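In the order they appear, the protein sequences are chains F and U.
Just so you know, we're using numbering that gives the first Met the number 0 here: the first sequence kicks off at 0 and counts up by one.
Just so you know, we're using numbering that gives the first Met the number 0 here: the second sequence kicks off at 0 and counts up by one.
Any given hint could be a false lead.
[Claimed, not checked] Straight-line alpha carbon distances no greater than 16 Å define the calculated EDC-like cross-link-like pairs of lysine to aspartate or glutamate that follow:
1) U:71 to U:41
2) F:112 to F:124
3) U:112 to U:162
4) F:119 to F:85
5) F:52 to F:81
6) U:181 to U:7
7) F:150 to F:106
8) F:79 to U:16
9) F:181 to U:167
10) U:178 to F:124
11) F:156 to F:106
12) F:177 to U:167
13) U:181 to F:41
14) F:112 to F:154
[As the list claims (entries may be wrong)] In silico negatives: residues of chain U with every beta carbon more than 12 Å from chain F:
15) 1
16) 33
17) 44
18) 52
19) 54
20) 69
21) 71
22) 80
23) 81
24) 82
25) 90
26) 106
27) 127
28) 143
[Said to hold, decoys possible] If you only want the chain F side, here are some residues facing chain U, beta carbon under 10 Å, derived:
29) 38
30) 107
31) 110
32) 171
33) 174
34) 176
Rather than coming from a laboratory, the hints here were simulated on the basis of the structure.
Quick caveat: nothing in here was measured; it's all calculated off a predicted structure.
All C-beta atoms in this analysis are idealised placements derived from N, C-alpha and C, irrespective of residue type, glycine included.
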Amino acid sequence: MLKTDKYYGGSEAKNHLINDSFTNNICKNNRSGTFLLELPSDKYFVTSSASVKCLTEKGYKGVYVSFQRPFENIYNLFDKYEINNDNVVIIDCANSKEDFVNISSFDNDKLCKKIIDSLKGLKGEKKFVFIDSLTTIALYKKESEIKKLAKTLIELKNSKHFDNLLILFNVSEELSSKRFVKDISSYADAVINVLKPGVCT
Amino acid sequence: MTDIEKLESELKDLPEDSIVLIETSADNVFQVTLAAVKILTDRNDSGMVISASRPYANLLTNYKRNNIDTKKVFIMDLISKNHNADIVAENVMFVKNASSLTDISLSINDYLKKMEGKRFLFIDSINTMLIHNESIVFARFLHSILTRMRINGVGGLLISLTDKTNREVRAEIAQLCDKVIKIE
Numbered sequence: 000m001l002k003t004d005k006y007y008g009g010s011e012a013k014n015h016l017i018n019d020s021f022t023n024n025i026c027k028n029n030r031s032g033t034f035l036l037e038l039p040s041d042k043y044f045v046t047s048s049a050s051v052k053c054l055t056e057k058g059y060k061g062v063y064v065s066f067q068r069p070f071e072n073i074y075n076l077f078d079k080y081e082i083n084n085d086n087v088v089i090i091d092c093a094n095s096k097e098d099f100v101n102i103s104s105f106d107n108d109k110l111c112k113k114i115i116d117s118l119k120g121l122k123g124e125k126k127f128v129f130i131d132s133l134t135t136i137a138l139y140k141k142e143s144e145i146k147k148l149a150k151t152l153i154e155l156k157n158s159k160h161f162d163n164l165l166i167l168f169n170v171s172e173e174l175s176s177k178r179f180v181k182d183i184s185s186y187a188d189a190v191i192n193v194l195k196p197g198v199c200t
Numbered sequence: 000m001t002d003i004e005k006l007e008s009e010l011k012d013l014p015e016d017s018i019v020l021i022e023t024s025a026d027n028v029f030q031v032t033l034a035a036v037k038i039l040t041d042r043n044d045s046g047m048v049i050s051a052s053r054p055y056a057n058l059l060t061n062y063k064r065n066n067i068d069t070k071k072v073f074i075m076d077l078i079s080k081n082h083n084a085d086i087v088a089e090n091v092m093f094v095k096n097a098s099s100l101t102d103i104s105l106s107i108n109d110y111l112k113k114m115e116g117k118r119f120l121f122i123d124s125i126n127t128m129l130i131h132n133e134s135i136v137f138a139r140f141l142h143s144i145l146t147r148m149r150i151n152g153v154g155g156l157l158i159s160l161t162d163k164t165n166r167e168v169r170a171e172i173a174q175l176c177d178k179v180i181k182i183e
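In isolation and in its complexed conformation, chain U is listed as follows (with noise of 0.2 Å):
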């Protein structure tokens, strides 16, 4: 069984109101994210990712090289704004940076609030998002991201590498969630 086809077995039961860590080598985190958005557009109807690792544009192509259906999916970037001021798409919006928690969190809500049907959430990675933040504060606006998505019967992915992750702070996100996925 490929790695890919593993996720695709784990995730196949859950169900959709499901909040998931994926553990991952850095080798393999890509093609896992792809593979992740991928069963998430197809079993919802539209969801948000918060990319923290790649930029919009970059995302877009590999979503569509890889056969994703990019109407369903809102990208917030987190790190690419400065240079797309001029970029103007409605599946698009651009955070200062992975350390705007609060801008975020409004947006995240605003999502949860305007989008209908089945939707999911998903947030790529946090390591990236752990480099720009104090692991406490990060925890924190975790367990209010969570709690809003139970609360909203939202169902989401959350990546991370493996054994990169401060023990503590992976522990304290790893209880919040419903079930944890390692993929080598």
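Excised from the complex, chain F in its bound form (with noise of 0.2 Å):
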């Protein structure tokens, strides 16, 4: 554990890191929500993380939708930062063999509903899906295929099926003010910077 701390600051993937604005409007409030939240490229991954650690500590179970990183990679890091795995079902679009989920080939209406089927799955009141990242699908797929992915996802917080559902779309600080992320963004409830104390839009 001390290599790990070392390394990914494992202290940081505790929840320090994570400012109040992202505590006080996600974490600590049974609520439905779209928010958009921006991530220090250089901290990327532990950040992100560290938003898991945070909900999953505040009761939530959720859907990690992972683009950048193979399931085995982001398992075994959760595992390392003490975040129970049993709350999360990651699907793997990184290195998915099977084509509807993988990044270069993914159908957006089978990519949701597995996402709607491992939600299903997971006991509980409190329910995220995390999509991460934005900007990574945006390497293979069209801005537009992207929007409407986002657009699908936002609808699911509505569906009968779930009363305390927070959909997270995660992007890069630096890549924020792409065309297509601005127009996400304008779907969300907020945009939250994870580091900077107190930005919230």
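Given two chains presented individually in distinct reference frames, assemble the corresponding complex, making use of the accompanying hints.
Below is the structure:
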């Protein structure tokens, strides 16, 4: 554990990097909502992990849709950060052998169905969907398709199946000015810079 | 603390399968590169250096001069194929140029499959590769390579010049890495 602490700043993956905007707007309330999370590119994964850790410690269970890293890497790092993997379903879109979720060829509808099925498989009231990350998808997909995926996911929170559902779109803060990210942020309830105190618009 | 000591100190505690972006100045880049390869060869059983910056012969000479165990290094030379058609060596392959991303990718895959033990991949450099490739194509290539490295438990270093990479491309690459180290 010591090595992990030094490396990724394991203490960082506990909660102190997460600012009040994140905890006040997301973790503390039993609410549904859509948020765009801005993360620093140089500490991207440790910060996204800290966000997941915060959520799971507040009783949320959810689906982590990874376009950046393969399943094993995320699972092992969550384990090192003491995130209970029982509370998180990881959908590996970085290296999936199943075409319908692989980043290079996924189908929006089929990916959404997989997310819904995974959410239904999780017991509990408070749930989240964590999309990591929008700009990585954009390496392979047209921006219009990403916006369509975002809209479909946002509609999920209005579904009768899920009362307290958070939809969290992640993006590197240096890339949040991209046009399609701006468009998606306009659908969101708030844009939260996870590291900068009080930055919530 | 010298730059090289800083690099050693930053890399010392990292898990072997970590993927790190090193940013440094143009003045320091070659010394940092040599130091990084020395650290990687000392820590691993073998590794592949993908060089878009210097040709094989020059690297080999400098590696030897810096006590780098060249038996552990396989060099993919992306710049001197046309001049070195006659070179036959076990530890080098010449790829047509730095824009031959499919060839590079297939060769890395072969390497990852063939080599056993603790392995590393070293990419020198992001900036040079970006001269020869469209940024989105290169970012997609890197995403694919880094994913395969993670699946195979292979660590590696990517070298980049500070402030010389487009801000968005840099962010895209940095977020895929486990750590960013700046050596000014």
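* Please work out if residue 181 (chain U) and residue 7 (chain U) have their alpha carbons no farther apart than 16 Å. => Holds, because 12 Å separates the two Cα atoms, which is no more than 16 Å.
* Given the hint that residue 112 (chain F) pairs with residue 154 (chain F), does the C-alpha gap stay at or below 16 Å? -> OK: residue 112 (chain F) and residue 154 (chain F) at ~13 Å, within 16 Å.
* Per the stated criterion, does the least C-beta distance between residue 90 (chain U) and chain F lie above 12 Å, as a non-interface residue requires? -> For residue 90 (chain U), whose nearest Cβ neighbour in chain F is about 29 Å away, the distance exceeds 12 Å, so it holds.
* To do: Compare the distance between the alpha carbons of residue 177 (chain F) and residue 167 (chain U) with 16 Å, and conclude whether the hinted pair is satisfied.
  => 9 Å, holds
* Asked: Is the hinted pair residue 181 (chain F) and residue 167 (chain U) satisfied, with a Cα-Cα distance of at most 16 Å?
  -> Answer holds: residue 181 (chain F) to residue 167 (chain U) is near 15 Å, not above 16 Å.
* To do: So, residue 107 (chain F) near chain U? Judge it on the closest CB pair being under 10 Å.
  => 19 Å, violated
* Asked: Is the nearest Cβ of chain F still more than 12 Å from the Cβ of residue 69 (chain U)?
  -> The claim holds: residue 69 (chain U) sits with its nearest Cβ about 29 Å from chain F, beyond 12 Å.
* Would the hint on residue 110 (chain F) stand, with a C-beta cut-off of 10 Å toward chain U? -> 18 Å, violated
* Decide if the proposed pair is consistent with the structure: residue 156 (chain F) and residue 106 (chain F), CA atoms, cutoff 16 Å inclusive. => The given pair, whose Cα atoms are some 20 Å apart, is violated under the 16 Å limit.
* **Minimum Cβ distance from residue 143 (chain U) to chain F greater than 12 Å, as the annotation requires** => 9 Å, violated
* To do: Please settle this one: residue 44 (chain U) was flagged as non-interface, so is its CB more than 12 Å from every CB on chain F?
  => 20 Å, holds
* Asked: Hey, does the residue 38 (chain F) contact hint survive, CB to chain U under 10 Å?
  -> 8 Å, holds
In summary, the structure is inconsistent with hints 2, 3, 10, 11, 28, 30 and 31 from the numbered list given earlier, while agreeing with the others.
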